[in-house]
Amino acid sequence: MSNSTLIEKKLIGRPYWQAPILTARINVKNNIAHSLAAVKAIESACNIQVSTQTKKLRQLLLIAEFIKNHTKKLYHEILPDFLDLETVSEIAKLHPEIYHNAINLIDFSNQILTLIGGRTLYSIANVTGGFKSYPTKSEFKQLAVQTDNLIVTARQTLNLCVSLKLQSEKLNGDFAALHANNDYAYYDGEIWTDAGKLFTQDDFQKFAQSNLDKTVFGPIARYNLSQSHFDTTTKNLIDELKIKKQFQSISDNIIATAIELNFFVGSSIKIIDGFSNLGPVREHIIPPRSFSIGTAAIESAGGTIIHHCELDKDGIITKYEIFIP
Amino acid sequence: MEIRSKKTLAIFSLTSCGGCFDVVKDRPEEYFALQKFYTVDDLRPKHKNTIDKKYDIVIIEGHPRGKSGAERAKTIRRNAKIVVAIGACAHLGGVYQMGTLLPKEKRPHLILSKIIRIDYLVPGCPVNSDELIRCLIDLYWGRIFRLPDLSICFECRQNENNCLLKKNKLCLGPITRAGCGSICINNGEACLGCRGSKPDANIEKMTEILKPIVIKDEIDTVLTMYGGLDVK
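In the order they appear, the protein sequences are chains F and L.
Under numbering that gives the first Met the number 0, the residue at position 285 of the first sequence is numbered 284, and the numbers go up by one with no gaps.
Under numbering that gives the first Met the number 0, the residue at position 171 of the second sequence is numbered 170, and the numbers go up by one with no gaps.
Misleading hints may appear alongside valid ones.
[Said to hold, decoys possible] Label-pair restraints from in silico Cβ distances: (1) F:K136 / L:E29: 22 to 32 Å; (2) F:K136 / L:N167: 26 to 36 Å; (3) F:T4 / L:D148: 48 to 58 Å.
[To be verified] The calculated lysine-lysine pairs, modelled on DSSO-like cross-linking and capped at a C-alpha distance of 27 Å, are: (4) F:K312 / L:K215; (5) L:K166 / F:K131; (6) L:K24 / F:K92; (7) L:K166 / L:K204; (8) F:K318 / L:K215; (9) F:K312 / L:K166; (10) F:K8 / L:K5; (11) F:K92 / F:K164; (12) L:K66 / F:K8; (13) L:K24 / L:K53; (14) L:K80 / L:K53; (15) L:K80 / F:K131; (16) L:K52 / F:K312; (17) F:K164 / F:K243; (18) L:K80 / L:K66; (19) F:K28 / F:K8; (20) L:K6 / F:K92; (21) F:K243 / F:K169; (22) F:K140 / F:K55; (23) F:K8 / L:K6; (24) L:K35 / L:K66; (25) L:K168 / F:K92; (26) F:K8 / L:K113; (27) F:K312 / L:K73; (28) F:K213 / F:K244; (29) L:K53 / L:K73; (30) L:K52 / L:K80; (31) L:K5 / F:K92; (32) F:K28 / L:K24.
No lab work stands behind these hints: they were computed from the structure.
All values reported here derive from a predicted model rather than from experimental measurement.
Using N, Cα and C, we set each Cβ at its ideal position, and we do this for glycine too.
Please take these sequences and the hints and turn them into a complete structure.
This is how it looks when you write it as structure tokens:
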């Protein structure tokens, strides 16, 4: 049994509020994505509509996880190979400037996670119906001060990735990711594939049951399906560096990850600036109105995650399913 | 200052989310400071190949799942001078432990302390990185690492939080071992007992206190969220 299967079984018979706490522990890398997918699925089952502010704070949490995962992927997994080094400690000794770029980005994401979620791992404050605690306007201001160099750092990361001599092994398969009409989708949207199929979030079972063996998820799929929805800064970056509009090879995932890193750093700064001008307003947690069935999809660094829950009349979980690419 | 040679430290993962040692690695300054005292082998992705090497100190996160997990834990124990179990998975069985909800014979997981002798424990989900670093520094200098015997309520009061139980809200603070700085309650959430029970915790009394607050079945599910509070 995989970790997710064990959690699916453990959730049966438990109250709905335990789902985000337990599913976050499926995988440390995607703990925010799983807890948010669970929160959204439960809210859908409980007929809860959260405020725009709650959505913004959750998006910021998810962005922080993207920044951390993308940085670790690029600097801790990929770059050591290209620099012919084995460990991060060796990078720190021989290429301190590269090492410090990674540290700055990871530190930034950890600060966001601590500020909004209460700690770097397993967010405490984010629960079904809203947030249990809120950062202050001055805390956001303190964070905003530190964002000056991060755009440069993210840009340097992209330049470094573009300069790598990448092999071009062709990817065979469909690309699948969340897609929205106006935004680069990572928090909400419908599931799209490049083969033209479209699934709403309620079609979860139809999507999960379709043949996904050769389906590609993650940064490369999101880039191929939604890059027209990037903000102007990211679009200019793509044009300036003459990066192609459609990726087809496995190593292109490195470039797609670095582009997303730039996009997420830019997006996080916009949200942080917004909250440092008009601090978050303390809102009450919205209680469930009824209990039924809910499904939600969200993007994680590795691709689309879907959670599906069924609740009885007392809010006890009778069925829980998790789709992980 | 006394000059000592580095000790060897290995980190092994059994069944877990893999997050406990990451809380230390996410703080690079502390992680590199640790490397002044230890030669660190993070063997989590490739533990099967290197399990037979001998180490001064071994950290185990996760719990042994099935026979193969138990055998792996025993081999690690044989080759380690000191074993430190970290996190709720190693301590209580963790979120993957089905707890007391299943009959004994159907429980798919085992608790580490029932399989091998554990010298030190750093509890929590995830572990408190300060506590883990303190443990490793103590062990390097040959000191005995001790966990606090107090309950979370002690730290919660120091942090000037309002008591959730007095507001008729669920909280396992009175029976849970201190040491996390009441981090969950500071952020508005209840203590759900991820650090396990403090010595002499009165779980029956706690259940009585919770009866008017949550329904009976819910109390059981809360007590088994991280495996089971009653495992010392």
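- Taking the numbered hints from earlier one at a time, note which ones the structure violates and give those numbers from smallest to largest. The structure breaks hints 3, 10, 15, 16, 23, 24, 25 and 27; every other hint is satisfied.
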